[in-house]
Amino acid sequence: MAPRLQLEKAAWRWAETVRPEEVSQEHIETAYRIWLEPCIRGVCRRNCKGNPNCLVGIGEHIWLGEIDENSFHNIDDPNCERRKKNSFVGLTNLGATCYVNTFLQVWFLNLELRQALYLCPSTCSDYIMGDGVSEEKDYEPQTICEHLQYLFALLQNSNRRYIDPSGFVKALGLDTGQQQDAQEFSKLFMSLLEDTLSKQKNPDVRNIVQQQFCGEYAYVTVCSHCGRESKLLSKFYELELNIQGHKQLTDCISEFLKEEKLEGDNRYFCENCQSKQNATRKIRLLSLPCTLNLQLMRFVFDRQTGHKKKLNTYIGFSEILDMEPYVEHKGGSYAYELSAVLIHRGVSAYSGHYIAHVKDPQSGEWYKFNDEDIEKMEGKKLQLGIEEDLAEPSKSQTRKPKCGKGTHCSRNAYMLVYRLQTQEKPNTMVEVPAFLQELVDRDNSKFEEWCIEMAEMRKQSVDKGKAKHEEVKELYQRLPAGAEPYEFVSLEWLQKWLDESTPTKPIDNHACLCSHDKLHPDKISIMKRISEYAADIFYSRYGGGPRLTVKALCKECVVERCRVLRLKNQLNEDYKAVNNLLKATVKGTDGFWVGKSSLRSWRQLALEQLDEQDGEADQSNGKVNGSSFSKDESKEERKEEEEELNFNEDILCPHGELCISENERRLVSKEAWSKLQQYFPKAPEFPSYRECCSQCKILEREGEENEALHKMIANEQKTSLPNLFQDKNRPCLSNWPEDTDVLYIVSQFFVEEWRKFVRKPTRCSPVSSVGNSALLCPHGGLMFTFASMTKEDSKLIALVWPTEWQLIQKLFVVDHVIKITRIEVEDANPSEKQYISEPKLCPECREGLLCQQQRDLREYTQATIYVHKVVDNKKVMKDAAPELNVSSSETEEDKEEAKPDGEKDPDFNQSSGGAKRQKIAHPSYTAYQKQVIRRSMRHRKVRGEKALLVSANQTLKELKIQIMHAFSVAPFDQNLSIDGKILSDDCATLGTLGVIPESVILLKADEPIADYAAMDDVMQVCMPEEGFKGTGLLGH
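Be aware that the sequence shown starts at 511, since it is given in the working numbering, and climbs by one per residue.
I should point out that these hints are in silico values taken from the structure, not numbers from a laboratory.
Straight-line distance between alpha carbons at most 25 Å, and here's what the computed PhoX-like set of lysine-lysine pairs gives: (1) K1093 with K1106; (2) K820 with K757; (3) K771 with K786; (4) K915 with K886; (5) K1266 with K1238; (6) K745 with K711; (7) K680 with K709; (8) K1078 with K1180; (9) K1329 with K1238.
The following label-pair restraints were derived from C-beta to C-beta distances: (10) R556 with N1173: 58 to 66 Å; (11) C1163 with L1351: 51 to 59 Å; (12) N1485 with S597: 57 to 65 Å; (13) T1371 with E770: 52 to 60 Å.
Glycine residues also receive a C-beta, built at the ideal position from the N, C-alpha and C atoms.
Using the sequences and the hints given, assemble the complete structure.
Structure below.
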């Protein structure tokens, strides 16, 4: 099929030879492309939008072949959420709670701990009513033990593939979006659990944490002089082993127990010798628990960077660990077997993922617990391979050392759990108590109901899809209209009907209608002609309308389009003819007035107007079912275009009559006007005998009189007050003139507005009133002190001489008289004078004004400040780090060129009184307050300086983060100061620290960070690290 534009031209080619009044039904059908050949499947690759008979490539291909029934739904098989046989249950990761999930799985597989928790009494008895569980409400555990009980029962007997631990996490008050220190969580939770269970009466429950996890060691100090031993006994629940510089777990244990010498300043005070003596100190293991937790200290504090880092070094460990060489009392069984390895995947201490490899104590098989996913290891062997294959940021990747049989190496293991080897086999099964089993059964019932509901939804979707499949196969063959009765339906609706992902909506043809409520001929490119049979079925099943039959072909639109096309074709000829006619002189009263501007551009205006009429449908050619742009927008755009395209309106006056200026119009002949009127039938018509607008003539005379009056007034005022106008010989309060004891005050705004009028009296309105009320408070008191009027407030007032004041009273309306009088103080030095204002100062309002000024400087939002980086307080750092500009924002005025090297840096003291203030615009106290405070303090940015957007309520810590992004200087390396004052309190807000808009803060960096990859870790520690503060683990 030919391209769309070719089809468009072919559909209207007849308009070149047919006049609008000769348009027939055949021409109309050609314009609507009724008899174009339909496209054939396989030959036409995609749908031809210019051909309404092309029904190929509208989405039918997915329905015409055989379809897999699974494609009719997007619902996963609910059985995929079912627990597999002989497998464990996973835990949902709530965001960043993988570290919690790993410990819960490790504790769950400690059978003794699980059994003891099941023996804890529960408030569930209040929940159980009669012979079963209450149906009215869901069970909500009240204590940590109850949460753990319920979680363990679900992990043991749930039918789900994974369960949600949000109740347990919420009870602890943990932030699900923040990853915490896993080792700290383990310690705190064990402490909380021990404290909670200590209140139980059953000793098997009360002492389970000590029995399973608690060991004892002693800090032993031996005096080198007398040999006296002093012991300090201590319990432990895990051993914290340093791994730096070690390759084997046994080396780490040996270092933990290594003897330390106390010498020099670190000598030990021996009670036996009663003096400080050299001594040795070491740890002796006295007893070991059944479950030995070994914490590998992978996360250490880096003194150089000031934050935590992860040690990604390999540590070797064996599956059997003999602890007998390390305990003080030999004899007995100290052989431990590995039962769990907790892994941190990732290179950073502040990100990554936690998983656990745990050994099933009953079957002896190893499982990998990764939140919801649980994988069984082959051959009852621990396999750490994939966890150790993670990429490192450094190019020099450490090679994994070879491991012998029964040993393993890991650079990501942060905790090893060993169980004491016993000859006895563990108990076959830990039974879930009846009350917990009832809760589990109820949850399983809910799960089964959900599975049935999902399966039913899948079935309904499949049935619906099969019915749609049959419908499409039947109807698509009957869609082509041929020579039988036909209707038009939008292409978009047909595509949505064939789209299985969206429900089919009623047919909406309103967007395709012309102004005569018929099918617009320009909309034919987005319509399809279908058989009346198919249309009847569509409307009966889906509804909608209006139906567009053969009667919907609009003759009026076709005729108008024909007229427009013919005018476009003859435009060039008419343009030449009009130009020739304009050369002839118009005689008599046969001519017509036309605007010169319209004449200059009439061809372009006509072409644009014809194009607009021709493409009007394309402009509103939005989506048929749901327009793509709003009606209001299209109306506004059309209105603006109409204002631009209106011909001959350039000689209309505001009253709609002929304008009075003959320079803007000219006479054209009747023949020229008739040709122009063909293109602009609605243009205003002015025959040569038409009089100009009478109202405009009156206004013109009045305007000329007003201009003359204004010039006279301005000249008189300028002559009366020449020095005030030219700003010459002005009095000054700080240097009071000797020849007068009285000076008068007017608003500086009044003086500037008056000067504007005198300079341009025909453009500016005359100033009638002095407007001194702007300088007074609501009580009529003066808002300025004598001292402030000599300094910061001097730019808001203008001083006038008494002679000038007399003239001002004659020339202007004076609302309030404000004057300053100099008087001599009795019994004082003749040189000492006193100055009194009339009206007097209002202390309360003056104080309120100052407070408001200070408050406004402390309550800003999104204001600009400048940070200036210096070295040795004088030299600007030239080798700046790459600019990140994450939080900083530079305005256009900030992007000015740096000053030449010869120029000195500006004075950073922002309290300078030399800054300009805004003028007072309105004579009111409120407006005065605002405009006094908003002073112009524009600062020119210099080299080594960046602009940041800040608010008064943000902390210094947050500002340091912005500075870090702008200068690549870590917060702990930043030394900030403003006006010589050091900024050190990170928790204080910028408002309280005196940082105001346009301030300049000096930044001195201790040592620039060369490794920009380390900035990721720095970002994590920029905010205060609160750990588990505020959570249930600390008793809150």
